[in-house]
Structures are given as structure tokens and as C-alpha cells.
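Chains P and A supply the protein sequences, listed in that same order. Read left to right, the first sequence gives residues 1 to 613 (this note's numbering). Read left to right, the second sequence gives residues 1 to 293 (this note's numbering).
It is worth saying that the hints were derived from the structure and are not from the lab. Where is the CB? At the ideal position from N, CA and C, for every residue including glycine. Please note that the accuracy of each hint is not assured.
[What the hints assert, rightly or not] Some, not all, of what chain A presents toward chain P, calculated at C-beta under 8 Å: (1) V9; (2) I84; (3) L99; (4) F148.
As a plain string of letters, each chain reads:
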Amino acid sequence: MIAERRKQGHFIWADYVPLVLVGVAVLLVCFIIGPQRYYQRILLLVVLWMCICSNFNIISGYGGQIVFGYMLFVGAGGYTSVLLFKFLAVNPWIGMFVGAAVAAFLAFVIGYPTLRLHGHYFAVATVAFPLMAIPIVAQLGWEEVHIPFAGRGIESMQFTDVRYYVLMGAILLVVFLIIVRMIERSRFGYALQALKQNEAAAEGMGVHTHRVKLLAFMLSAFLTGITGTVYCFSILFLLTTPAAFGLFIIVRILSITIVGGIGTLWGPVIGSALLVPVGELLAAEVGDRWPGFQDLIYGIVLLMAIIYLPDGIWGKVTEIMRRRKTLPSAKVKAMVAPSNPNSPSKQGKSSSFSLVTSLPTDRGNEPHGSILRVQSVSKLFGGVRALQDVTVEVPRGKILGVIGPNGAGKTTLFNVMNGYLGPEQGKVFFKGKDVTYLKPHDLCQMGIGRTFQIPQIFNNMTILENVMIGAFARERNATRARAISEEIAQKMELTHRAEDQAVGLTILETKRLEFSRALATQPELILVDEPMAGLNPEESHHIGEIIKGIAESGITVIVIEHVVQSLVKFADYMVGLDEGRKVAEGTPEEVISNPHIIEAYLGEKWRRRYAKS
Amino acid sequence: METFIQLLVSGLLMGVSYGVLAAGLALIFGVVKIVNFAHAAFAVLAMYFPAFWFLEWWGIDPFISSIIALPIFFVVGYATQRMIIDKVIGTPAAEMSTLIVTMGLSLLIENGILIGWSGAPRIINLPYTLGSFKVGSILLNQAQTYSFIIALVLIAGLFVFLNKTMLGKAIRAVADDPESCAYMGINLRFAYCLAFGVGIAITASGGCLIATYRPFNPFYAETIIVIIFACCILGGVRSVQGALIGGIIIGCIQMLSTMVVAVALQNVAVFLLFVLFLYLKPEGLLGRKGRVV
């Protein structure tokens, strides 16, 4: 029942109740511990690390952009509010939000350039910032800041009883968890998870990856700024640069999130509940004799976790639960449908592919009836001319085939058409508008869909979620995006696997998923890159039917294909490329009898023979 | 003007030591394709052992230790690759997990030193630590001058190893195209271990050199790691010669920046430059696509 409602995207109280229960559990533990200051302090630390790691999880877990310099935001929030309080007597409750704003601002300044970097370049670049902050803050004379005790209780966020801080931490934690859960269920969250897995594909599905990353980064930093203030006021009496910006902070964050399960809601909660008490108790036992013992332990835990438990405890738990769940249902499926549901011969009637008829397709009006116009485009790669002065007109509602031997510039032409590459010369017009230097996500929003030569599937998502990423290009509401995706998945015969993870698919299923995802963006024009690669003749025929079906529903199709024979069957129009030049254009018959094309495919000798006959 | 030249010369002398550390990082990045965050931690470990403790215990000169460090840290590096990094290479998220693993490793080393040998700053006190040669009006710190010479020899040695020996050539081939190498009968795992071992060995040796003229503590690594990254990025990420040049540039910038900003802020200038370069020209000053080691 709940699962069904969740599937339909309803607001589910059951999704949020456990989050509140975490807060209740914290308070319960707090009550049990009673007035023992020392243990209350450990409890407080557990809660605060849960908070920080949940914040970190947004950009680095869900978004996959691991911020190695994350301590900057803890320190920025803390330092801002403490300095404001000490020197300007600004109330810490206000300072908390000022600190958060400062942290978010820093995230913007740092993230705007560096988020364009990939993988470890980004991670390493961010480390430089807290390392810069340490000498700068020291130079300003704030290497050690004593936090004055105003003793006005709630008014100055300074309680003598740690339990008030625990209450504060518990409230913050519940709020943060609710935020994370809401992100998980939203278009923004899906976009984050998609770009984590495959940035190029996410761009192609209309996700403005840079903006999404930047927003997630700023949100993370803002929330951490808040936590940073609470951390400084509740834990530290003396704010020092190493305490606020030290490398140990990121190592703890990473250890906790990875042990618990990075990119999951419960990961930070589990990780912190396990590691922090152990770390603190150890530090209390041997900390005097061996300073740094706690960090040594965190270092070892991090090493072990990455090697032996990369998905974390929560990842392991969900994996086991999933396996339990899917096993019996798979058996039932096998009993109900003993025949192979993927066999195309049974279903391959073109009428069943008249897709997306329910979706609006007529938008804009372009001159001359051509939806896309590529005008004298040239593209250089180093010294190689990948495209030379290529002009292509794409008539609306037709199937255009682009052929040419390897290295002819076919995929380059596609990449120019939908914004992955900018040409050196020439222009691209879509629906009469100049779109030459627009990014893929902009073009996707305007109505250009695309499938990839090498399928770019989001492997850690279900098939339906993959399609939803496409649907989110036009549909902000998760429920409606799901409905659209279900409709398309049904037409593409993927329903029976819709809730399965998109791994271990057959090549044909992968291609159908690629088509579904592209169609879910509700395109007017769809670019199909070598759809027949790796398929047998029967399957190729099936893909041909799908493409015809798409064209019949009013969507313009451009197909790149190597295998000329299959393309000839369904293309209305063809363009031949060779060595970056357009060498032929016209009906399929004209193009395949063009001497240039024959020469390019088969060589000089064949052209002569053909000319004779 | 005189100060300028003096600072430039000091920068050059110091930069070559950075270059040695960066060369090790570049080698590892080029061959194993990982960013070794623990790189500086290994160098700091070598500052303590062998450089500092060999002198304390047996009176062995740190410059001799810098040679002794080579075989010791080759084994350390080889074992690290074999026992730790090898386990996360080849997983889907290897790029990030190797970075995280080496970060854990660096914390392990730093705090290990802290526990074992305390966090007090150490300094090697020998006649040449503060002594200097006078060339014209320019003062050359003796320790730095000796370090400079040994550092150049080390880099030259690495260069010869990579270009003239069969093992070195194998490593370079692996950097270029690991898959083809596997088909040609090169044991990739061994090549990775070898490269990591050599990279760590030369870095440790560089650490011993730095220890002769600069005080250090267990957390010195956290400062120099980004400096080494900066040298590498400037020098074109995967090029050993580039790393040397990057090191010299960074050394000079560090010294010259003291003319305009406070000494405490000299690293800020370097870090800013690093981020700027990473953003504008991640392939580095000398980096060309396809250029390897």
C-alpha cells in the first residue's frame, strides 16, 4: 500500500516519521544518560557529526563531487559567528545564519570555477582553500580566539547544561535529514544522482550539471555553516585554526560517511553512531599518553572501509534486503511468463511504436520547413579537420540518415548539433534559432533528444528512474515525471523490468532504454547514434521499427549508421560524409549509388568496376 | 635588486628539492594513474627516519641517509602499493577511492609519527645547516647547496632509469597504454608496484634533503602536499622533468612572494597559483597530451 502510494509520488508520512524518530531516540539517550556531563558531550558530538556528514552527503554523496576541503565550511561558519559575537556582540543565533551565508558564499566562489574540473582534480583543488585559510586567519590575528562566556543561556546560545545543546543538535539533525530526504525524492536529487554516475549523459538529458552541482555545493556549505556555529559554541572554548580548518575534520567526515554508506540518508547516522563514541572513549583512555591516537584510528578505519566496505553498512544492508526481495518475485515472473519477453519477433509490429502521441509535439515554427539547419560548419581537432564546411538541412518529420566510413566525422557532426562540441566556423539553427554555442542541456530543453553510440546508462538507478531523468527535462513534478516515464517504458516494453537496477541488460534492452530516456525528454528532434551496433539482423530490424514508429508520431529523426543496408530501408533522406566533407545528399538510392560513397566505403578499385558496369 | 637575486637563488635551491618530491608524485600519477595524497607524508616520515634518527643514534649524516632512504622506501612504497592501493584499483570509483585511501594513509603516518616521536618541531643541527658560501654578494646556504646537487643527481638518475633500463622502459610503456602492455607480457601489477616504490623512494630521499635545512614536525606534510601538487600541475602532471621545473618555479615564487607579503602568507600565493592553474591549464605549463613520464 505504502509502496504503491510512494510509486505514485504521493507524500508519504512513513518516509518522514523515521527521521523524526531519530531525533526522539537522541533525546531518549540523552534522558537515560542524565546529568553526566562527559557522556552528554559524547552524545552531542555524535549528533553534530551526524549533522555535518549529512550536509557533506548532499554534494559529495548524492552528487559524487568529493570536497576534500570541506572543513573550510565548518570553520567559516564557526569563525564568523564567534568573531561577530566576540567583537561586535552579535547574537549567535543571528551569527549562525551569517556564518552559514558566508560558507555558502565561499562555496559559490570556490565551486564556480572548480566544479568544472573532474574527479580528483576537483577534490585536490578544494583542499587548497582551507590550507589558505589557516595562514590568512592567523595573519589577521585570530589564530586562537577565546569564546567569551556571556552566560545568558538561550539568548547567547551558551548553556551550562550540555543537554540543551543535545536538544538543539537533535532538532538540527531532524531538519537536515528531512531536507536530504526531500532532495532524494525531488527532480534536483535525481539530477544530482544522474550527474554523479554519468555527467555527459545527464547533460544530454537536459540536466544543467554545473548549476545543479553548484547549488548542491552551496546548500551543503550553508547547512554546514549552521552546524559549524553550533559546534564552536557547544564544544570549543578556544577556537583555533587547526580545530576549525584541520585535515582531521575531512578524514572524520569521510570515515563516518563511508562506514555508514556514502550517498544514503542513513549512512551518516549509522557511521557517526558507531565511530564517534568509540573514538572519543579511546581518546579519553589513551589520549594523554598518545596524542593523535584518535586520528590514527580514523585513518585506519578509513583505509579498511574503502577496501572492504566501499558501500558502507547501509549499502550492505540494502543490498541484502534487495536480494531477499527480488529472488521470490523473479521466480513468480518466470512462472507467469516462461517465454522470453524480450524476443522482438513477437512484438515487432510498427503500429505498437506510435509513441508519445499523448505528449505535445508542436512547439515553435521554423522557416522553410526544416527543423535543423547546419550551415557550413567546420571543426578542427588539433591539425585534423573533423568537419569541413558541412551544410545539412533536416526536414521536419522525416528520417535523415547520415552515413560514412569510420572517421568520416559523423559523431562529430552529432556532437556539434547538440552542443557537446562548438564548431570553429559555421552555425547551427534549430527551429530557426541560432543554437551554435548552446550547451547540451539547453538544447535538450529546446527539444533535441539524443541516444549514444556507446550506451550511457545510469547503472545505479532503476530502469524507470533512468527514464525519469529524461522526463525531468520538461516536468518538474516527480509524480508526473514518473507517469510519463511509465507510459514510455510500457511502449518500449520495459515495464516488466522497470523497477530493476539498470545493470545486466541485454544490448537490445539497453538500446530501448536509451530510446525511452531520449523520448521522455519530449523532443521534436532526436539524434540516434549508431543504433544497430552490436545487434543481429533481427534485432536491427526491431530497432528500425522503433525508429519508424518515432518518426510516425511526428518526431524528426537523424540516424548515424555504419550499416548502410539497414538504414536504406527506413531513411527518407540521406547524407554521406567522408573525411569531414559532405560528399553526397539525396534519397537513399541516390546516395548509395554515389561514386564518392562507394569509393569511401569500398575503395578506388570498386568505383572503377562500378563505373564500368 | 640584490635581494631579488638572493631570493631567486634561494628559491632555485629550495625548488629543486620540491622538484624531487614532485617527480615522485608525477611518476606515480603517470603510471598508476592515482593521486597519492600520502606523498608528502612519506617525505616527512623520511625526515624523521632515516634522516633525523640515524643522525641521533649513530651520527650518520642526513645526506648519506638520503641515499640509504632509497632502498628502504622503495620497499615501503612497493608494499603500500601491493597491500593497500592494489585493492582499490580497478573498482568503478577507483579515482576517488584511491585518493581517499591515500588520505587515510597520510593521517596514519602523521599521527603515527606524532605518537611515536612526539609533535615537537625537530631540527637537524650540523655545521652546514646554517653555514653558507659566499658567491659575490650572494649567500648560498651550505645545506641547501649540497641538497641542490644531490637533488639534481637524483632526478638525473630517475631519468636514466626510466629511459635507459628495460624496467624503466616497461614502466613508461605502462604509463602510455596499460592494456597493450598486458598483452605484450608486462605484468601490470608488478609495474605499478615498481613505479610506486620508485616514486616513494625518490620522494623519501628528497625529504631527507629538505630536513637538512628546514625544521619539521609531523604535520608539515599537510602544508607541502599542496605545494607538491602545484609543482606537478605546473610541470604537466605526468612529466618528471616538468615536475623539476615546476618545483623550481614554485620555489622561486615562494621566496619572491616574501618581498610583497608576510612570510607566513608565502604559501597562500602558491596555493592561489595552484588553483588558478588547475582551472586555466590543467595540463600544465609543459604538458602536452600524450606526453608520458
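**OP:** Hint by hint, work out which the structure violates, then give me just those numbers in ascending order.
**Re:** 1, 4
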